[in-house]
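*Asks:* In this note's numbering, the protein residues as written are 8 to 351.
Keep in mind that the hints were calculated from the coordinates and are not lab data.
Incorrect hints may have been included.
[What the hints assert, rightly or not] Under the rule of at most 27 Å between Cα atoms (straight-line distance), these lysine-lysine pairs were calculated in the DSSO-like manner: (1) Lys55 with Lys156; (2) Lys115 with Lys126; (3) Lys288 with Lys203; (4) Lys119 with Lys55; (5) Lys119 with Lys107; (6) Lys288 with Lys253; (7) Lys44 with Lys107; (8) Lys203 with Lys156; (9) Lys55 with Lys44; (10) Lys115 with Lys130; (11) Lys130 with Lys203; (12) Lys44 with Lys111; (13) Lys126 with Lys156; (14) Lys55 with Lys115; (15) Lys203 with Lys55; (16) Lys107 with Lys55; (17) Lys126 with Lys111.
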Amino acid sequence: MSEYLSYLLTWRASAPEGRISHQDAGTWNDEQAAWAKVVEFAHSQNQKIGIQLAHAGRKASTLAPFIDPAAIADEASGGWPNDTVGPSALPYSDGFPLPKELTKAEIKGIIKAFVNAAKRAMKAGFDVIEIHGAHGFLVTEFLSPTSNKRTDEYGGSFENRIRFLVELVDALRAVMPPTMPLFCRERAGSRRDTVKLAGVLAEHGVDLMDISSSGNHPAQRVQAISSEPGYQVPFAAAVKEALGNKIHVAAVGRIHTTTLAESILNKGQADVILVGRMFLKNPSLVWTFAEELGVELHHSSQLGWPFKGRTRAPTNTPVSEKKQQVVTWGWYAYSQGKLSGFYL
């Protein structure tokens, strides 16, 4: 847990019907073993790499945001509006498909799909697995009484509503090496329930809780670009204050300056800071942060003047064995002494 995790490949569907859009990537069949090439490259750069597994639930079958951020995908556009599922037969909002209420057998089937996806991820060589349980997707739908109206052991009380996630965590832990980190991106409604859930997840083997809110109801409209910097941090801070070192805590939400990141870490509000959108705006954000912190980075030779004359004899070292220094863009996770590095 003290090593650097350089990349986290976000949102990889565990089942085809669990994709948000037709364009989503996934790990639901062996044909997707090509992820091993991505892992191999990351490892060739002496970096760790993780993968985020997910199921969209009732928010599945939409068009990709770069095609149309507000449209549902019908069958003609590659969607599956008649095959979306959820804990209850309640659509996300007007215009969304009516999901089918999952049977108990189907719930077990989805957990098995996650396990199979995790096995493929481990076979490909990934170093970390994260469950995406936030933003109104299937895990959140079970956790929230707004979307979960079940009357069986998967609905009603807090203990029943978290059952799906706990069973999922247990199933993944059963096939993962005990030293392999398991993360969970989640927020269980209120701060009190989030703290309570974090404690349960820690007891069941989750190493880090990546706390991010909103997305389970159309009225929850968080404007991530215009919101106050660090607007999600209080949720992470509440968990950290209550549980201390029982579980690592990651904070997100417009944390895009080193000053703010350092402040959050120095106050003990989180162990890890996650930054995403700023890397899309500035792919060289690592250098920007390093300069602000006074940290020296090794720049790749291509950024200097590469043609200095050739004075050494050629070597027979295969390219794959040579050390290469690269700077990539993606998620940035910065911490003090624990989980630190760069997330993609």
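*Asks:* Which of the stated hints cannot be reconciled with the structure, identified by number in ascending sequence?
*Replies:* 1, 3, 6, 7, 11, 12, 13, 14, 15, 16
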